[in-house]
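When you get a sec, could you build the whole thing from the sequences and use the hints?
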Amino acid sequence: METIASRPLSLTKTPFHYCPGCLHGVAHRLIAEAVDENGLRNVMTGIAPVGCSVFAYKFFDFDMAEAAHGRAPAVATGIKRARPEMHVFTYQGDGDLAAIGTAEIIHAANRGEHISVFFVNNAIYGMTGGQMAPTTLPEMKTTTSPYGRKVDDMGHPIRMCELMATLVAPYYIERVSLLSPADIIKAKKAVAKAIKYNKEERGFTFVEIISTCPTNWGIDPIKARDWAKDNMLPFFKPNCFRDRGEGVE
Amino acid sequence: METIASRPLSLTKTPFHYCPGCLHGVAHRLIAEAVDENGLRNVMTGIAPVGCSVFAYKFFDFDMAEAAHGRAPAVATGIKRARPEMHVFTYQGDGDLAAIGTAEIIHAANRGEHISVFFVNNAIYGMTGGQMAPTTLPEMKTTTSPYGRKVDDMGHPIRMCELMATLVAPYYIERVSLLSPADIIKAKKAVAKAIKYNKEERGFTFVEIISTCPTNWGIDPIKARDWAKDNMLPFFKPNCFRDRGEGVE
Amino acid sequence: MKKEMICAGFGGQGVLTIGKFIAQAAMQEGKEVSWLPSYGPEMRGGTANVSVVVSDTTIASPIVSQADILVALNQPSLDKFGPNVRPGGLIIINTDMCPHGIKREDVVKINAPMSEIAKELGSLRVLNMLAIGVIIGTTGMVSYETIEEDLESFLQAKNPDLLEQNIAAVKRGIMIGNSK
Amino acid sequence: MKKEMICAGFGGQGVLTIGKFIAQAAMQEGKEVSWLPSYGPEMRGGTANVSVVVSDTTIASPIVSQADILVALNQPSLDKFGPNVRPGGLIIINTDMCPHGIKREDVVKINAPMSEIAKELGSLRVLNMLAIGVIIGTTGMVSYETIEEDLESFLQAKNPDLLEQNIAAVKRGIMIGNSK
Amino acid sequence: MPRMTVDPTYCKGCGLCIAACPKKIIRFSDNINAKGYHYAECFNQDSCIACKMCYVTCPDVAITIEK
Amino acid sequence: MPRMTVDPTYCKGCGLCIAACPKKIIRFSDNINAKGYHYAECFNQDSCIACKMCYVTCPDVAITIEK
Amino acid sequence: MSKVLMKGNEAVAEAAIRAGCRLYFAYPITPQSELIEYMAKMMPKVGGTFIQAESEVAAINMVYGAAGAGKRVMTSSSSPGISLKMEGISYCAGAQLPAVIVNVQRGGPGLGDIQPAQADYFQATKGGGHGDYRLIVLAPSTVQEFADMAADALDLAYKYRNPVMILSDGMLGQMMEPVEFRPAKTEEEVQELAKQHENWCICPNEDGVNRHHHEINSLEIDPLVLEKHVNNLFVKYAEIEQHEVRCEEYNINGDNEILCVAFGTASRIVKSAINDLKTEGKSVGLIRPITLWPYPYECVARALHKNVRQVYVFELNKGQMLDDVKIAVAGRCDVKFWGKVGGIIFTPGEIKEKLLECF
Amino acid sequence: MSKVLMKGNEAVAEAAIRAGCRLYFAYPITPQSELIEYMAKMMPKVGGTFIQAESEVAAINMVYGAAGAGKRVMTSSSSPGISLKMEGISYCAGAQLPAVIVNVQRGGPGLGDIQPAQADYFQATKGGGHGDYRLIVLAPSTVQEFADMAADALDLAYKYRNPVMILSDGMLGQMMEPVEFRPAKTEEEVQELAKQHENWCICPNEDGVNRHHHEINSLEIDPLVLEKHVNNLFVKYAEIEQHEVRCEEYNINGDNEILCVAFGTASRIVKSAINDLKTEGKSVGLIRPITLWPYPYECVARALHKNVRQVYVFELNKGQMLDDVKIAVAGRCDVKFWGKVGGIIFTPGEIKEKLLECF
Ligand SMILES: Cc1ncc(C[n+]2csc(CCOP(=O)(O)OP(=O)(O)O)c2C)c(N)n1
Ligand SMILES: Cc1ncc(C[n+]2csc(CCOP(=O)(O)OP(=O)(O)O)c2C)c(N)n1
Ligand code: SF4
Ligand code: SF4
Ligand code: SF4
Ligand code: SF4
Ligand code: SF4
Ligand code: SF4
Ligand SMILES: [Mg+2]
Ligand SMILES: [Mg+2]
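Protein chains in written order, with this note's numbering: chain A, 3 to 251; chain B, 3 to 251; chain C, -16 to 163; chain D, -16 to 163; chain E, -3 to 63; chain F, -3 to 63; chain G, 1380 to 1738; chain H, 1380 to 1738.
Keep in mind that a hint or two might mislead.
[As the list claims (entries may be wrong)] Computed Cβ-Cβ distance ranges for the label pairs, DEER-style:
hint, chain 1, residue 1, chain 2, residue 2, range
1, H, Glu1618, G, His1592, 38 to 46 Å
2, A, Gly220, C, Glu12, 56 to 64 Å
3, B, Cys242, G, Thr1565, 45 to 53 Å
4, B, Asn233, H, Lys1424, 51 to 59 Å
5, A, Asn241, G, Lys1615, 55 to 63 Å
6, C, Gln139, A, Asp228, 47 to 55 Å
7, G, Thr1565, F, Thr60, 20 to 28 Å
8, D, Thr0, B, Phe237, 35 to 43 Å
9, C, Gln139, G, Thr1565, 28 to 36 Å
10, F, Asn27, D, Gly105, 23 to 31 Å
11, G, Glu1732, H, Thr1565, 16 to 24 Å
12, H, Glu1567, D, Asn67, 52 to 60 Å
13, D, Thr0, G, Val1604, 25 to 33 Å
14, H, Lys1607, B, Arg246, 55 to 63 Å
None of these hints come from the bench; they were simulated from the model.
Using N, Cα and C, we set each Cβ at its ideal position, and we do this for glycine too.
Structure (structure tokens):
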């Protein structure tokens, strides 16, 4: 008998510490598989953010760095510039990347750093217990928008892909989701493409991954996916915003 | 005899400390006139940035605050929220707004704070002696890009208006220039519109003003304007990106 | 009088609430109290525990290193905190989740299949109220009346339908406590 | 031997360069030196000055509060630093820009219409080289040869055409210095 | 014949694989693992078509598929 | 009759008004101000048409136009 | 008002609102998030402003603005987030702005952990930011005190136009204790408070033509002016040192053989140990600094009664306040230190053991 | 190598490159901008990396990354910019990363001015960031020393895997003095240096299957683990305290009636005054701490010869190192302080006057 699907080598044996049904785990697997498939495990390094995925450094089985909240792109820049022979990605949540780390992600992208960014958007601050994120939807209740996100006062959700696409340098920008097996298979392609471009030193690659946070949304994992399909996808439309490798501008 | 043009009341008697021919002075005058014309002098407050215009608090004759480098939009938020009866603007350079202050400007804009932002883009760090700014043009030489700005390494100039226009909340976004009397007259209209919308509490207004830095560009004020016309305007195209008051989206 | 108590169990078992009700009631009865939860890593899961001190005089340290009372709703909690109970102290054990018990002869042990009883009473959710009952039934730390009052005002606001079930659980707990 | 000098003037007059050439030459001649500029607000304009110390022994403080030599290229500089010259010290005055001079009888004063002379020599830009000449002509702090050498290697790289003009200015300065 | 196995040390009983399986051959076990979760198990290996949907959805990468 | 005046305390002699004046009636004065600048002056008030172009361009708001 | 059982994080927020705080800007971080969440819930109810800022940097600069507008304003965070505020705090100090900052400390350095610690003492008391400035630093040791300090901090901040930091920790933030709140200020009182500052703050100019030109600013490019400004700050600081030193003496008397010094959470544990030793006939005193700046040097010196043969400093860090105790003791007695780090709180038993070693 | 006349800002940059620094990340600020500009010019010539970061925060985090990759890396700024780095510096300390940070101090607090000051002593030596950590802090007093310290800082940083700060000021940054540079490391030597760290840093795994999994990290969520980690840091710090204390004794002898303590720029002025007094037959000694942390407590204590009746601390601030001197002196002698602030440097004459008041 032949094993046709099992834990990729680029994942350690440590079980994820995520909540049951949390899709961070799926995103991890996709990255790990892409690293394996591209044969990069010996020259890959990832930057864990501050957020639920803070322990990502325990889960990926290659060199990892843990960055200060929001600063993963700066840390990645430092590593990539110091060791151009390494391939570097950051893994960041929506609070990390789109709030405190706004400047760092925009300027790393603008410099066209040769790194990949995996941006897991679950519309909330998972780790700290469900506060509003920059990507929280209008009227959505969180612990810091207890009466719903009022856009006039608290701002509108920010669409990072659209914003990044105003910059000249990024080579590849795509938004995908993990809300069904089919979506995951599409997401896998995007993640694999980013890693491949990374391997080929094409430039800055950015994949936004629409995810869930069953715990802080207060619903079970399956309902969470449905909620995200109905509410997040209409606003955060999956789309390839740029792919210079395939002539998409 | 009637005086038909002279120093507006909203300017103090203090001479500007700018270099001869520096257009920061023109931008100041336009704002002061707009404040006078809208009768806001008693309820207006401006936030000076860190940059050549750091002393703006000495030049405008109404209450002023001096903000930390890049943080003027946050300071403006604090003031406006604390005293909604006041009308608040920030005055910021390209280093201040588009480098260190990237996160603050984006999030103040995204919240739709009821403030006006006057963004003076001279493609360089004037105050500290001519270092590269996020808006420095490709191949342009500065003290920190002594061999010219190499876009592959140092990034492309950032177009802030285009970037801000990806956000939902801003009410008015326009780019103007000060490179000829005619341009100045157009710029005056944009500045006046921003202040008027501010008075009417319409929302967040943003005017990018293309300017010069004769000193750090190393050319005289008249050549500086020509250089900017030839080099900056093709990249930073004057345009009204949004004007909800007139249905421009 | 000074009583130091630890309540411990899995995340969802409501141990923090047990502590809160006891502390709240004791405060209303004129005691000094403190309630100190463990707070886990910035994410879900794992175990939870709370230290409660009730005293006639000012409470210096809210940390309970030697407990008078331990409420252990699962085995890991019993293993972890069991040894810290003062000789002569009390351990309340949810036998459903503590298959191995604890080997100590110098303490009073109350063993009850609390999860089962809670389910019988209608829902695992009343496990914590059951535990409160056992505590007051055994120790008389606070009076039943105060707990009832607090439960009423708490559930009135949140979910009046559940009041009866919860009160029944407290009462059943008291019976268990009294009987030992 | 220890000489403390201040050179001061408007921003564009090249006072920092005067100081730099003197310090550089003195260093090459085996002296200890320090060069400390004023640096203005983070923007243009205004006045500039530099403190230079040349000594046979280690220089403790680079700050010149009592100068042996003052080179004043304009009136504000003369007004500001004139009083800080040690009795018996030397003040080199550009009379073109110092219409009011200074009232001190306890110092040696060298008055020369330096701006005019510089223009005569071809450009206001050589004002600083003229001043260097005056300094070495009066004090012999450093030798002409070293300055010439430095000028050569400096301008060779940057602008060989200007060399002659600059050397002429230094020489003319020395003459002025010697003559007093 | 395909074989799907769940490693109980990883499974958190989220149920996503159960929803994903086109053959509906996954269920929660009566047993619990060390963390207290009723983990998933395949109760009908014979029907498994090795489509990998369960593997693809599993956030805890607890599943192995053999063929 | 229109009148343009430059206040020497503000003028820095940048020359932008000179370039802007359609009537070419502005020049640098021979005098210098306290900061050492040859300030601008109108040498032919009679020709001034009060178009305000000088005022509009002046970065130091040194100019007053009367009519 | 009767007592309520409340978490420190929530009690301090409630007390701040009652004391007239109507603006709050912060960014979430454990173990202070209940504070921001409480503010999110309650500020809209009192017509106040709550903004979850994009970062701690933005939050402190919003505070700078609101304080510059003369309104009662607060921010809070925990250790790493407080580090990000250092530039802004230095600006507030320089511009003499009445900002109140709550630090619910956790273990460091770096990301560290989220358990209680006292390892930001240096940062709070010795200028974590650049330049010569001082924060008034208040260190609560109970939830009641934590709540009371919200009002005290706001009062002090406005009295001296100086930023005030409340240096608490994860234990005080997370634990519940009975609190009795001071009466809430009425809306008129809150308005009145803001009015008092209209002689310097950013505010409408109601006099019409006699415009005011108020400047909120920390820049003085002329060194002579900056020198004067900094010297003025230190005149103010001297005044604060004279009037605002606060400390608690616990069991201090002529019999003390050991003098302990501990603040905040650590002091509670030390008190337990002292009580215990008392029953064994051993006399140990405790100085608990309540203001960490101005530091109660004299209280410590005064408590060095003749029988004291050991000064013992206990902190939940590697010995930071220790420096100040050494300065206070000035060689008159040996000073020992013991502490725990990483978010671990020592137990009364451990302290007792340490103290017994000295008998 | 013969001497060259160079600005401190440029000399330190040149020396760093010679010592193998190949990555530099910073943001412009007066009075350190010549440093960043020199790096912008020279790094491309040696195949190194220069990035003008989008902010000081980004710069220190780039340093975190590059140091984590085992390469020699530096950043620099001046006071307000250094405050913004506090979180990042605490992270570097926690993750034990060899980062070198140059602070060319200016007057504060807030925006302050751009003239030389020493007002960031507290920040540099007492944890401006959160948590228990220490930076090695070197204080140059000449351009030569400033340059030498670039190499020393890089060496120390890697020797101990600890961040090192060079605490200079606007005067040292802006002044020119003769410098003699140490020989430049060859490209092979630079490569070799990086190799030495491949047992812990982020780097390609050349062993193929025997992959390594290196982690650069400051998070330890289990308090017991964090405790151990912090305790280990302090074992390292104790080692540094034992081996790396550096100070200069100037005119220290048994005749001293006054003992001065001053560092950096201030010490130069004090030396002038001491020389002057010597000619008048008055004996004054000076301890100049070169490492501000580890602080030369013992040197100060040892220099308290029997004739000393006054210890005098001079700083370009309001009295920050003063705390450490008091700790060192431990009450054995009266300690006085005098300083200037706001970017004003005192003159030898002023110091002399202050000293004469004590005779
Ligand atoms: C400087 C700083 N500020 C705040 C925090 C607290 N914090 C930890 S994770 C987090 C938000 C995480 O949200 P997100 O990035 O969306 O990730 P998620 O947990 O949702 O995956 C915050 C605010 C911190 N650790 N450091
Ligand atoms: C935190 C901080 N970093 C850096 C500086 C130094 N600084 C002052 S102004 C300036 C740049 C100004 O450039 P810009 O915003 O473009 O304004 P301009 O002078 O060109 O008008 C910098 C980097 C500072 N004062 N504070
Ligand atoms: S809190 Fe939300 S994002 Fe975090 S692990 Fe749980 S489900 Fe996932
Ligand atoms: S440096 Fe440039 S921007 Fe600054 S005042 Fe001078 S010309 Fe204007
Ligand atoms: S491989 Fe397909 S058929 Fe087999 S268990 Fe998984 S989902 Fe079901
Ligand atoms: S998807 Fe994975 S974790 Fe969830 S129940 Fe199935 S096997 Fe278990
Ligand atoms: S108003 Fe017009 S015509 Fe008159 S001076 Fe000015 S530019 Fe010339
Ligand atoms: S434009 Fe203004 S500053 Fe320039 S020369 Fe004319 S009057 Fe003077
Ligand atoms: Mg999130
Ligand atoms: Mg600029």
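Each hint tested on the structure:
1. Glu1618/H with His1592/G: 38 to 46 Å: violated, 57 Å
2. Gly220/A with Glu12/C: 56 to 64 Å: Taking Cβ atoms as reference, Gly220/A and Glu12/C lie about 35 Å apart, which means the hint is violated.
3. Cys242/B with Thr1565/G: 45 to 53 Å: Holds, since Cys242/B and Thr1565/G (Cβ atoms, about 48 Å apart) stay within the stated range.
4. Asn233/B with Lys1424/H: 51 to 59 Å: Once the Cβ atoms are compared, 27 Å apart, the range 51 to 59 Å for Lys1424/H and Asn233/B is violated.
5. Asn241/A with Lys1615/G: 55 to 63 Å: Holds: the Cβ-Cβ distance is about 58 Å, inside 55 to 63 Å.
6. Gln139/C with Asp228/A: 47 to 55 Å: violated, 34 Å
7. Thr1565/G with Thr60/F: 20 to 28 Å: violated, 53 Å
8. Thr0/D with Phe237/B: 35 to 43 Å: holds, 37 Å
9. Gln139/C with Thr1565/G: 28 to 36 Å: The hinted range 28 to 36 Å holds for Gln139/C and Thr1565/G, with Cβ atoms some 30 Å apart.
10. Asn27/F with Gly105/D: 23 to 31 Å: The hinted range 23 to 31 Å holds for Asn27/F and Gly105/D, with Cβ atoms some 26 Å apart.
11. Glu1732/G with Thr1565/H: 16 to 24 Å: About 57 Å separates the Cβ atoms of Glu1732/G and Thr1565/H, which means 16 to 24 Å is violated.
12. Glu1567/H with Asn67/D: 52 to 60 Å: At roughly 53 Å between Cβ atoms, Asn67/D and Glu1567/H fall inside 52 to 60 Å, so the hint holds.
13. Thr0/D with Val1604/G: 25 to 33 Å: Because 30 Å falls inside the window, the suggested range holds.
14. Lys1607/H with Arg246/B: 55 to 63 Å: holds, 59 Å
Of the hints listed earlier, those the structure fails to meet are numbers 1, 2, 4, 6, 7 and 11, in rising order.
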